[in-house]
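S.K.: Listed below are the residues making up each chain.
Number of protein chains: 2
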Amino acid sequence: METPWVHCILLSPVQVANNLMDMDQDPCKRLCFADGRRKVDYVLVYHYRKRSSVRGSPSQHRLSVISNGSYPLGVEGKDPEGGKDEPAEVVVDVGPPIPADGEKIMIREEFEGNLKDAGLEIERDKENKAHGHAFIRLHAPWQVLSREAEFLKIKVPTKKVRHSRDLFDCQNNLGNLWKSHRYFWPFCRYNINSKDTFFDNATRSRILLHDEWARYGAFYKYQPVDLIRKYFGEKIGLYFAWLGVYTQLLIPASVVGIIVFFYGWATVETNIPSQEMCDEDQNFTMCPLCDRACDYWHLSTACGTARASHLFDNPATVFFAIFMSLWAVMFLEYWKRRQISLNYSWDLTGMEEEEVRSHTNTRKKKNKNNKNETGHEKLTWRDRLPGYLINISSILFMFGVTCSAVFSVIIYRITISALMAMSPDPEVKSNVRVTVTATAVIINLVVILILDEIYGMVAAWLTELEIPKTETDFEERLILKAFLLKFMNAYAPIFYVAFFKGRFAGHPGEYVYVFNDYRMEECAPGGCLIELCIQLSIIMLGKQLIQNNIFEIGIPKLKKLCRTLKDKERAPKEIVEQPGRRQQWHLDYDLEPFDGLTPEYMEMIIQFGFVSLFVASFPLAPLFALLNNVIEIRLDAKKFVTELRRPEAIRAKDIGIWYNILSGLGKFSVIINAFVISFTSDFIPRLVYQYMFSETGTMHGFINHTLSYFNVSNFKPGTVPSISSLGKDITFCRYKDYREPPWSSEPYQFSKQYWSILAARLGFVILFQNLVITMSMLVAWVIPDMPKNISEQLKKEKTLLVDVFLNEEKEKLQLIQSLFSRDLTQEQQEELNVSDQTSLPLHQTQPGPHPPTSSPAPRTRPRAASFSQFTRQMSMSPQSNITQHTAV
Amino acid sequence: METPWVHCILLSPVQVANNLMDMDQDPCKRLCFADGRRKVDYVLVYHYRKRSSVRGSPSQHRLSVISNGSYPLGVEGKDPEGGKDEPAEVVVDVGPPIPADGEKIMIREEFEGNLKDAGLEIERDKENKAHGHAFIRLHAPWQVLSREAEFLKIKVPTKKVRHSRDLFDCQNNLGNLWKSHRYFWPFCRYNINSKDTFFDNATRSRILLHDEWARYGAFYKYQPVDLIRKYFGEKIGLYFAWLGVYTQLLIPASVVGIIVFFYGWATVETNIPSQEMCDEDQNFTMCPLCDRACDYWHLSTACGTARASHLFDNPATVFFAIFMSLWAVMFLEYWKRRQISLNYSWDLTGMEEEEVRSHTNTRKKKNKNNKNETGHEKLTWRDRLPGYLINISSILFMFGVTCSAVFSVIIYRITISALMAMSPDPEVKSNVRVTVTATAVIINLVVILILDEIYGMVAAWLTELEIPKTETDFEERLILKAFLLKFMNAYAPIFYVAFFKGRFAGHPGEYVYVFNDYRMEECAPGGCLIELCIQLSIIMLGKQLIQNNIFEIGIPKLKKLCRTLKDKERAPKEIVEQPGRRQQWHLDYDLEPFDGLTPEYMEMIIQFGFVSLFVASFPLAPLFALLNNVIEIRLDAKKFVTELRRPEAIRAKDIGIWYNILSGLGKFSVIINAFVISFTSDFIPRLVYQYMFSETGTMHGFINHTLSYFNVSNFKPGTVPSISSLGKDITFCRYKDYREPPWSSEPYQFSKQYWSILAARLGFVILFQNLVITMSMLVAWVIPDMPKNISEQLKKEKTLLVDVFLNEEKEKLQLIQSLFSRDLTQEQQEELNVSDQTSLPLHQTQPGPHPPTSSPAPRTRPRAASFSQFTRQMSMSPQSNITQHTAV
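Residue numbers (the working numbering), protein chains in the order written: chain L, 5 to 892; chain F, 5 to 892.
Accuracy of the hints is not assured; some may be wrong.
Identical chains blur together in the list; that is why a pair holds if it fits in one copy or across any two.
Claimed, not checked - Subject to a maximum C-alpha distance of 30 Å in a straight line, what follows is the list of computed DSSO-like cross-link-like pairs (lysine-lysine): (1) K756 to K740; (2) K120 to K816; (3) K643 to K657; (4) K816 to K340; (5) K814 to K120; (6) K792 to K561; (7) K564 to K802; (8) K564 to K643; (9) K43 to K740; (10) K473 to K792.
It is worth saying that the hints were derived from the structure and are not from the lab. All values derive from a computational prediction rather than experimental measurement.
Construct the complete structure from the given sequences, taking the supplied hints into account.
M.R.: Encoded structure:
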């Protein structure tokens, strides 16, 4: 409703190809104007109702008044946006919820008039139905295309040229084009040299793309990135190129991860700590894990988790964490190179990002109270302050929500396990841990998925409150906020398990209670790492599977079904009436609109977090990511090619703020992995035991060393196990911690071992972090940003350019010299016949779009000018002209 | 001797101005050719001997043979460098140590011929002396200057254009110009619009620079950076701009440093630990500091150092360390902005760094055995390997040298203090510490200064072994190596004091001995921080004072004196003969040649290290640096303006690798400061005591807590104090460490306090490092690289540029349309009178160097071409021509 058009559609040839596959092969049958010759390049759609009868074209004078913003109806005082070039925004902001159809029609007709002025040709359907969608089809004739193409070849796109792009963000920006008499076409995308090759590319794309790319069967093949770029534009091309590089680099990471996992698997039998834990002879009697209901237990019963834990918690993991940190750096460096290569081969090297003023008011149409902020006068700090304050407080609130969600799940786990432990049924008791863990993780996952959607909307709302100045700015802020919220949401439970679970549980005799009744939970006897690993794998896999299947396939299909049903309900007769007239644009209009790449990137970045952040605890993460991505690429491909309306091609030089987020994640992963290795895993305690406390220098006795003593007489009243099979002759039970024994002068205080291990852990963090940072810097320094062949190519091109200039200068001089000498001798002669040959050098190096006519080139003839002055003027190179103009 | 010229001199107008100050004001009196009109732009100098009589000009044919490299004498096989354009290198490589004068003369004459071909005018002295210096003066006439200026305006300097710069590295590269028929002038530096303003700049510089800049009295003023740049070129301009920014930013750092220092000074009276140390009632009896010769002592005798230590070791230092880390980041960000501003105002935004092939062979002329490597065929890995190996091993060796120098000073300190302590003279004994510390630091300083010079030479030698491909590469590698070596040299003793001193001394009863006899040294009772502070301040001040005064002023003066004496000795008569003929070039030739900016930068970067790296231990470092720099700027200014030959102007966009080094130092400083605060200062132990061990929650009892007990009966035989005034009734003495008391189960082992404090220290390092890194990233992110006004300016210029193109296109079209319509009607007419006005739009926007003649502009006349084709050709913008050529 923002513009008089409901939608604008870029026809998608692949769709067409699909539909035509079994029909005749002439694509013009459905893709052309009624004359069968002129191709449909763009389609505009609007809703109409027959009863509106303002169709008589109003005077042009009246219209121009409207577009200057002084139309009385519904326009609130200020000219909201854009100044002279974009007065159409006024109409967009029109107050009443349902603007009169008459106005819309007038606006539409003025717009159409402008399009016609710009040389475009228009075809419209007859409005023979009572109401429905009307499609206006545009054809850009060759003259328009070539004019705009030439114009766009001035490789300095600034605001003056930006309309070419605005058009394709048409949902929001169409209004801008109102009075702009130039109508730009994204000609830049097509590397045309002659009239014939223009549609060749699209034709090629339409046939190749579907076969090469959007099939699951092609998963092992490289993506046809160049085709994707030609068909969808650079921005989407870059996304798929990035996804390709990421997936490709996941292969070595997966291989190393599998090796690390198998190393753990192979050494589990020879691992002394897990042997000792499983050794029933050692028979450590452990303190009960809950009050009254739980009994004492033998450590050997936790043998299974101890062995499983070794799979992920072995020295190879440390190596793997370092490897993955360097891998992340390498990935970023490699992507930088690839991006530069693509920029080069897609001819983007000279392109500069331009900033498009954000059309917040179209987004903000519902916040009428903020209207004064949407003016295009400069907003002061005071205007922005409330927005920022709401932003900060909302984000803090969302942080709070996430944390309380995590805490609720903890409470759920604590209460349910306490209740189940108290149950008299022995079968319930034995399944406590499994049931509780499984249900808790599923609840976690559901909460994450729901909050994810909510946070996406909250981020968009908050960014609108900030009123960013430009489109880029808007997008970046939105992404940053959405990322922060979604990242926190996805990782909060994992952070809890990695760094907090079990650390505030207290020790026997002095347990920590929540709500006075429930003890804080502890990690399983195998250690927190195995729990982290489970949590991580379930959230990662669950998120990917559910988001891939339900959100990316299911919901769009459902939406489409709904819409189709709705449309059928509304106008069942008309469709039946004209079955043969269902044109391609009708079919395309039925597709889902394109929402931008943000969700796609976001999904991948969150996955990158799983792969890099906690990789020390789950070496198989890269493998799962790889498997997901192989499917993801084809899924996205299928979606882009067949499920969505063809997105507008947007040029982009890089992946924007996503690179910064990736790089930030990479840096963050270093410290997180350092902490996981030193605090969550038992790597450091084992090392310290072996080199500081072990009498034999081996790991024998490690388990005994990690267990502290508790005197059962120190149990508080009411917490002693009520029914106990082991409790008869026990005076001391053991628990996992480094505390002084009951017989020391400071019973149950942290022991010297605790502090020395803590120091070692912290020392390891410093060492690991600084080592990895240094190595990363080295890697980034060693890999040059620009591939050597590209930099050589660029150099060569520059040399060539200078050569061309030198030659041209020389030829000009020669030419002028010869002309001048003739001029001197033939001064009196009335007609000077300059031969075609002499003027040729000026043009012979231009292979531009000359029509192959054989008429002679225009002639130049100097006359009565002093030679030296003439020389100077002619030898001014075109480039130096530019500099001169700039300095004006 | 590399080129036939001994030297080339850019005349320095300031020198001239100085010399003329008291004479008449016409600068042309001494700066012009004999005709008094043509200005001397450049001077070439060579030695000659009268007896050489090959002066008769040899045939041109013969010369061209020489310059193609096939001259038989002394040319070793391969064409060493550069290919077709630079065959002159052959001559440079001529084998025999003293090439025949005849050859030199021939080469010189060919070169002069080339200069003349390029349009330069030459004036030479008559060789009327037996031997001596001959000066060839060059004048670049207006035509040459404007031609080259126009050429250089093609803002794409690549290899073809690089000669303009080569010339100014003339000592090494003069040979390159040999056959290059174009002679380039650094016209780019001058923002000329008309013939008259060209020398205006130089004139302005010559008068203003000396007054505004090179006086000590002007220390409080901004530097005239634009003038400096105009006179010395961008590279030197950037150095002084950088130095200015650095010095300016040192002001806030100094102020905060002084505040921190005064905070310490103000709180020393209320500081409980230093009160306790000075409290004679507490009367801790300390263990003797050396074997046998030393007695027990009371801690209160160390009261002075404890109070001094508090000046530098107080909570404000932690704040200051964080502040300085952020300061370093801010400095770099601010410099980035300033650099971009300068780039913009100096019109360097479009400039790209180009690479000049390194002329290692001129530098390597003495390594005859390496000659095969100097060829310009690509060097393989195998060729380079020996160089790299020598490099690595040499650098490791130098590291070893530095470490052993530090170790020698330690040994010196240990032995001297042991010897002095054993001396029977009580006065000697009482002065032990002062004498030893003072002499040791002075030795350290001298060693540093000597090694500094050696390392500079070693770095140059090592870089030559590497055979870098380009000049930039050479410079970068040299700088990196020199920095590494000099940095290590300057900081090794400081690192020792900060992190190692006293940590390997053992504890009473189990001291660590070196050479079986001498105990490892410990820090003074006040703590290591005060020693670090002393070491740092002496090395910093000493290095700056000595390098400033002796190396930068004394040695050049001495050298100049030597040369003058030598010259006088050699030719005392000739000078007496022609006292009036001592032209400006003679005076300029007497000055020191310019060695490049590396020493200047190096000095400042090492100083930056003092300011940032250990700032936690010495908050006054920024103040000292500031004072030094205020002097340094004027000293350098004076040196550049009056003491050195005018350096060749070199364009540069940035300060190159120095920025990376600065940024690396900034990052390194974070971790160093973290360690200094947590390990060298007592900040963490105090904190831990207060919150973990103190019973009252205050600092009372802290000193007692830091001292461990030692049972004097555990002294090893022969180490008990021989003469003791206190030792009679002592059973326990105290020492500073956290160890178990003699009565515990593990006597003299590290206590639980030790481990908990260690953990706290390490935890602090992690916290500090990550906090500061995060804050730095935030600061770097918040400060945009490009100042807003510049980015707006750039945008405006681009818009303007597009406008100009659009207008021009439009005008062209109109013009052609009108021409075409006339053509149609007047096809039969023989002469077409196009009015001047119609062709004007093509040129009217060019305010370039048109001579103010009023002759009409050349006319264009299309003829018999189809209109549409013509339109297309004419509407091709100049820029699109370029793209087309590039694509060829």
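S.K.: Evaluate each hint against the coordinates.
M.R.: Hints and how they fare:
In this homomeric assembly, K756 and K740 come within 30 Å of each other (Cα to Cα) both inside a single copy, at 15 Å, and across copies, at 20 Å. Taking the shortest alpha-carbon separations for K120 and K816, only the inter-copy value of 24 Å comes in at or below 30 Å, while the best intra-copy value is 42 Å. For the identical chains of this complex, K643 and K657 are intra-copy neighbours only, at 24 Å inside a copy versus 47 Å across copies, given an alpha-carbon limit of 30 Å. For a Cα distance limit of 30 Å, the shortest separation of K816 from K340 qualifies neither inside one copy, at 42 Å, nor across copies, at 42 Å.
Taking the shortest alpha-carbon separations for K814 and K120, only the inter-copy value of 20 Å comes in at or below 30 Å, while the best intra-copy value is 45 Å. In this assembly of identical chains, K792 and K561 lie within 30 Å of each other by CA distance neither inside one copy nor across copies; the values are 46 Å within and 48 Å between. Proximity of K564 and K802 under a CA criterion of 30 Å is satisfied in neither setting, with 52 Å inside one chain copy and 45 Å between copies. In this assembly of identical chains, the alpha carbons of K564 and K643 lie at most 30 Å apart only when taken from the same copy (13 Å versus 79 Å across copies).
For a Cα distance limit of 30 Å, the shortest separation of K43 from K740 qualifies neither inside one copy, at 76 Å, nor across copies, at 91 Å. When the C-alpha separation of K473 and K792 is checked against a cutoff of 30 Å, the pair qualifies only between copies, where the shortest distance is 14 Å, while the shortest distance within a copy is 38 Å.
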